[in-house]
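K.L.:
Chains A and B supply the protein sequences, listed in that same order. Here this note's numbering is used: the first residue of the first sequence is 1, the next is one more, and so on. Here this note's numbering is used: the first residue of the second sequence is 1001, the next is one more, and so on.
By construction, these hints were calculated from the structure, which means they are not laboratory data. Take these hints with a grain of salt, some might be off.
[Stated by the list, open to error] Below, a list of computed lysine to any residue pairs in the SDA-like style, where the Cα atoms sit at most 20 Å apart:
1) A/Lys286 with B/Pro1311
2) A/Lys115 with A/Thr249
3) A/Lys286 with B/Gly1305
4) B/Lys1286 with A/Glu308
5) A/Lys286 with B/Asp1137
6) B/Lys1115 with B/Asp1137
7) A/Lys286 with B/Ser1309
Protein chains: 2
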Amino acid sequence: MSLLVVGSVAYDSVDTPAGSRVEALGGSATYFSIAGSYFAPVSILAVVGEDFRAEHLSLLESHGVDTAGLERHPGKTFRWAGVYGTEDLNTRETLRTELNVFAEFSPVLSPELRKKPHIFLANIDPELQLDVLRQMDTRPALVALDTMNFWIEGRKSALTSIVEAVDVLFVDEGEARSLSGEVNLRSAARSIMDLGPSAIVIKRGGNGVLLFNGDSIFAAPAFPLDSVVDPTGAGDSFAGGFMGYLAATGDLSEAGFRRAAILGSTMGSFAVGSFGTDRLSALTRKDIDARFRAFAQLSQFAPLGEGESLPWSDCR
Amino acid sequence: MSLLVVGSVAYDSVDTPAGSRVEALGGSATYFSIAGSYFAPVSILAVVGEDFRAEHLSLLESHGVDTAGLERHPGKTFRWAGVYGTEDLNTRETLRTELNVFAEFSPVLSPELRKKPHIFLANIDPELQLDVLRQMDTRPALVALDTMNFWIEGRKSALTSIVEAVDVLFVDEGEARSLSGEVNLRSAARSIMDLGPSAIVIKRGGNGVLLFNGDSIFAAPAFPLDSVVDPTGAGDSFAGGFMGYLAATGDLSEAGFRRAAILGSTMGSFAVGSFGTDRLSALTRKDIDARFRAFAQLSQFAPLGEGESLPWSDCR
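Chain A extracted, bound-state conformation (with noise of 0.2 Å):
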């Protein structure tokens, strides 16, 4: 099945412990839509400049991501600064925002658009997620949905009116709080969960991610990484795995969302190796599958068979 992602492209300027980069190729739909096209077909539908560069057109061709949604106005494309601290790199300052022609983003899809049978509403204006969703031929079989806390706190209406019709939503643990008003994050997902999603997908960073899906819940861990260059994109990049082996298989079982759970952190692992999209545009087969194998050495342990017990002390 082939995918839509409607979200952000961007030149990102980004200062890391590992160094800089000035106007790497970046934005929610970016990420996403390479990280997924490996797996599946992506289309994208999000808004460049005059100064979109004719390289990114083509590395996003090369994927086969399907641009014919990319649409090009006049002025700049949307550009972000920001500067991640020394230990923790799962904080970020912004530095600079400059929307350009995102201001104007009015998202329209074509007539093959409006068929996808899975999409991913990157984090935009929640009334422009609403207005994508309103615009679909038919409900999709999967919607998944990003946000944050300017439009948690701002939007929180119109917020509230998408989280209802989605069945996935990603969100980081300051989000999950702010959203559900519960400290604790078991409580924070069901809480969200009674208003629509049947799937909360809670993104930490290098302590990786928790998956409540229904009565089950997964904990995947972040890749021990030898060096962390550029943070930047690494949850659009899980949300393009992740999406992307849905959309390739057609699971939605428990079994298939706990192997997009892994395929996402693998496709976030990657997405962090570099500045922009560098090392993630660059995988091969090979460096995809090994590095999933390398999540299932780093996670499993030998459970305790049927009937089996730990050991117990005669002592007590």
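Position chain B relative to chain A; hints supplied.
P.N.:
Positioned in the frame of chain A, the structure of chain B alone reads:
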């Protein structure tokens, strides 16, 4: 095989988002010995004051803990008071520390204790930890160590000597970084292992544990609890379950260490479910087996079979 723990017995007064408790039974040796007692015989070497309550001695003895090494000295038992933050139960502020009889603690091992094959040196002055190890008749089969930033900053030389002499080191992320001078956790673990330990356990509270053992890395999740009442003692309870498993089975293989880490996480997850040792000390074999099984449910996924590949898109 039997286990020796050298550490503190204390009365803790804590404030957490779930409430507060005055003078709960605590201390590293207390949590460790109760947690470990379910799996293997534990002997405790520690000091208490004249005010140590008979019911608390009985509690240890009812768990089969050998308290012959629990010295009673004139004066008061060690007291600690602290407060845990609202959102992040991983951070705490110490309000008060009264060492009392613990200030003069100078562990002397009886002939029986000098023969113990597995030993846990809980967080005390590294000079004392070195002294305990020197008193052993022969080098124990397994020596594990806990420490804290206070000793890393103030007693680096003695601490380095004891780190060089142990097999397993338990630290949190900040301690791993300050001990090694490395920000990246993988580099930090490697650097500490170069000093001597063959295994490093990095404790991350609600984010689980990373176990570095030789060339292998294992990520154990934390159990997502409905409520965390009091994080005090979680690390020592983890160590008790971890060391208890290894002492009970004698299995020092990678598979044994991984199960030990899950059993450690199991015991830590019980410890935080109440103030003091209330929950930890009231467990049944069924409780522990069930939580251990729940950890498998939490973290297992279907790995790629031999020769199996992830889905791959033909559009690329």
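K.L.:
Decide, hint by hint, whether the structure agrees.
P.N.:
Consistency of the hints with the structure:
1. A/Lys286 with B/Pro1311: Holds, because 12 Å separates the two Cα atoms, which is no more than 20 Å.
2. A/Lys115 with A/Thr249: 18 Å, holds
3. A/Lys286 with B/Gly1305: Holds: A/Lys286 and B/Gly1305 sit about 14 Å apart, inside 20 Å.
4. B/Lys1286 with A/Glu308: 11 Å, holds
5. A/Lys286 with B/Asp1137: 53 Å, violated
6. B/Lys1115 with B/Asp1137: 6 Å, holds
7. A/Lys286 with B/Ser1309: 9 Å, holds
Hint compliance for this structure: hint 5 is the single one not met.
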